[in-house]
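**Student:** Working from the sequences, and respecting the hints, build out all of it.
The letter at position 83 of the sequence shown is residue 83 when you use this note's numbering, and the numbering goes up by one with no holes.
Keep in mind that the hints were calculated from the coordinates and are not lab data. Since no wrong hints were added, every one of them can be taken at face value.
So the derived label-pair ranges between C-beta atoms look like this: (1) PRO82 to GLY40: 12 to 20 Å; (2) LEU55 to SER20: 16 to 24 Å; (3) GLY18 to GLY42: 29 to 37 Å; (4) GLY15 to GLY40: 28 to 36 Å; (5) THR70 to ARG33: 16 to 24 Å; (6) SER20 to VAL81: 18 to 26 Å; (7) ALA46 to THR8: 14 to 22 Å.
Think of the CB as a built atom: it goes at the ideal place given N, C-alpha and C, for glycine as much as any other residue.
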Amino acid sequence: MTAASGLTLYVFDSGAAGVSCATATKLVGDFHRKIAGRQGAGSNDAVNETVDGWLCTSGPPAAQGGTTCTKGEQTVFAAVVPSE
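**Tutor:** This is the structure:
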């Protein structure tokens, strides 16, 4: 999926945390749509936002920071896919 920064993200399987792949992908997508325009590809700043009770953070794109969303004991991760 495409992050707000324009970088490509890979959403990891969160089934062990009780979150389906579809739910995890939707969550990360909703988060990045919500932060659109707040984090460019060269940014050194992290961005935080709450989505449906989840606290999500997008790490600095300049450092290839991924996305982490947490809610209680559940965690969803998405990593930046390195450009070829």
